[in-house]
Amino acid sequence: MTTIAELPPGFADKVLSAQSTFRSVMDAMARPGSVQRIVPMAGTAGSMMRGTAAIALTLFDHDTPLWLDARLAESPNVVKWLKFHTGAPVVQDSSIASFALISDGGALPPLERFALGTSEYPDRSTTVILQVDSLDSGRSFELRGPGIDGAAMLNASIKPFDLFERMHINEALFPRGIDVVLVADDAVVAIPRTTRIVSKGS
Amino acid sequence: MNAPAYNFAYLDEQTKRMIRRAILKAIAIPGYQVPFASREMPMPYGWGTGGVQVTAAILGPADVLKVIDQGSDDTTNAISIRKFFAKTAGVATTTATDEATVIQTRHRIPEATLHANQVLVYQVPIPEPLRFLEPRETETRRMHALAEYGLMHVKLYEDIARFGHIATAYAYPVKVNARYVMDPSPTPKFDNPKMDNCPALQLFGAGREKRIYAIPPYTKVVSLDFEDHPFEPYRFNAPCALCGAENSYLDEIVTDDKGGRMFVCSDTDYCESRQAAGHHGSLSAAPYKEKAQGGTNG
Numbered sequence: 001m002t003t004i005a006e007l008p009p010g011f012a013d014k015v016l017s018a019q020s021t022f023r024s025v026m027d028a029m030a031r032p033g034s035v036q037r038i039v040p041m042a043g044t045a046g047s048m049m050r051g052t053a054a055i056a057l058t059l060f061d062h063d064t065p066l067w068l069d070a071r072l073a074e075s076p077n078v079v080k081w082l083k084f085h086t087g088a089p090v091v092q093d094s095s096i097a098s099f100a101l102i103s104d105g106g107a108l109p110p111l112e113r114f115a116l117g118t119s120e121y122p123d124r125s126t127t128v129i130l131q132v133d134s135l136d137s138g139r140s141f142e143l144r145g146p147g148i149d150g151a152a153m154l155n156a157s158i159k160p161f162d163l164f165e166r167m168h169i170n171e172a173l174f175p176r177g178i179d180v181v182l183v184a185d186d187a188v189v190a191i192p193r194t195t196r197i198v199s200k201g202s
Numbered sequence: 203m204n205a206p207a208y209n210f211a212y213l214d215e216q217t218k219r220m221i222r223r224a225i226l227k228a229i230a231i232p233g234y235q236v237p238f239a240s241r242e243m244p245m246p247y248g249w250g251t252g253g254v255q256v257t258a259a260i261l262g263p264a265d266v267l268k269v270i271d272q273g274s275d276d277t278t279n280a281i282s283i284r285k286f287f288a289k290t291a292g293v294a295t296t297t298a299t300d301e302a303t304v305i306q307t308r309h310r311i312p313e314a315t316l317h318a319n320q321v322l323v324y325q326v327p328i329p330e331p332l333r334f335l336e337p338r339e340t341e342t343r344r345m346h347a348l349a350e351y352g353l354m355h356v357k358l359y360e361d362i363a364r365f366g367h368i369a370t371a372y373a374y375p376v377k378v379n380a381r382y383v384m385d386p387s388p389t390p391k392f393d394n395p396k397m398d399n400c401p402a403l404q405l406f407g408a409g410r411e412k413r414i415y416a417i418p419p420y421t422k423v424v425s426l427d428f429e430d431h432p433f434e435p436y437r438f439n440a441p442c443a444l445c446g447a448e449n450s451y452l453d454e455i456v457t458d459d460k461g462g463r464m465f466v467c468s469d470t471d472y473c474e475s476r477q478a479a480g481h482h483g484s485l486s487a488a489p490y491k492e493k494a495q496g497g498t499n500g
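Residue numbers (our numbering), protein chains in the order written: chain A, 1 to 202; chain B, 203 to 500.
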């Protein structure tokens, strides 16, 4: 049983660390496929990577219902850390979540179970933060869409293996859809709903 | 009692988080207006409160900030916003376009080509391009949802029927990534082509109307037009009187009470750097006289 005093810390400098983390995530979202680094360090709990922890401290608060995958939800330290540092309410119903944290990609539920937004308010959709093995080696993917000058190449080792096939739902749903942020340690890649992906093999 | 009374960049952290989340969704859905809980700022609505909130949410100590008002670095609005952030965030400021990492603008896009490490933040008074055609928010929202933009084309067609050409000269509607029709804020239509495939990220903040929207880098931005009446950017029939530039956006300046006037670049940094590079206009000669263009009383 961890007491509050024993919880891993948040950012040492809340203000500037959150700003720096946000700029990395914003650049990632604006330039899909580009690998951005998260510099500020914070404590992490359980199977949360440091990039995930920094994003949580930067974007989550009492206004953002949060859905956790089974591995995170079953770790009292993770739940306690998130609750103490961000105050975000953890919800059971993924379809009302602003953010979803996925530590075990193999157990990613079908994307349709998250909030997809409405045609009038497509922004009311879940941002899925998915921890992956690597964002610099693995299978090659070719990305096209807004934010990309022509085509961008991403080498990544991702579970679930068919993540980008699953994300094809974004094509038909647009402007509704799911935005995904991939995290590997301190590296971040964002795949907004406008990005179209072709697998190029390994 | 000299402790700083404000948080870094003025806004509190909860507000910044809320704005940051809105910015991320705005980038993910290019051209869609994301509602946000706009705060009161220490300046009146209409002075750029939306742009200021967006800038405050993204600005960091390593940034170099440039603020322009109608292209000019030295008007009241530009100077006060620049000083505001120099004071509350301690950031470096500049007037040179290519040195800036964040450029907040009121109604112009700099003439110099923007690069990938820059963010352009627009101050927007009325973000809804359909607002003057349909006053009800519920209806304009549904029109965006259905991509039902016929009304906008009717408006442009009425221009043609009445004036023989599309008479919209500023806030000329654009379509972003072949989906959302967007108001580029009241920039002159001269600037519209610069939005297309721009290497820099473009963010738009409307404080009073509580909307944030965005154009990611390298995104298709098309000015609405017709096959037989294609979009035409503004053309000036005179070069800048100070730097001789022939392809910049010009301001008209009245020089006396006898009809004398001169046309100079609206982008002061562009004009000054051209003059520093040895370009000269006709200022040393007589001021440019506007030619009567077929008027009967001229």
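If you are wondering where the hints come from, they were derived from the structure by calculation, not from laboratory data.
Be a bit skeptical, because a hint or two may be false.
Stated by the list, open to error - Anything over 10 Å on all C-beta distances counts as not near chain B; from chain A, calculated:
1) I4
2) L7
3) G46
4) T58
5) A73
6) P76
7) V79
8) Q92
9) E120
10) S137
11) N155
12) D186
13) R193
Stated by the list, open to error - If we take Cβ atoms under 10 Å as the criterion, some of the chain A residues that face chain B in the derived model are:
14) R23
15) R31
16) V35
17) R37
18) D63
19) T64
20) T127
21) G147
22) D149
23) V181
Said to hold, decoys possible - In silico DSSO-like pairs for lysine-lysine, Cα to Cα no more than 27 Å straight-line:
24) B:K289 - A:K14
25) A:K159 - A:K200
26) B:K422 - A:K200
27) B:K391 - B:K422
28) B:K460 - B:K412
29) A:K14 - B:K377
This structure is a prediction, so every number in the text was calculated from the model and none was measured.
We put the CB at the ideal spot given by N, CA and C, even for glycine.
**OP:** May I ask which of the numbered hints given earlier this structure violates, with the numbers listed in increasing order?
**Re:** 4, 9, 13, 16, 17, 28 and 29
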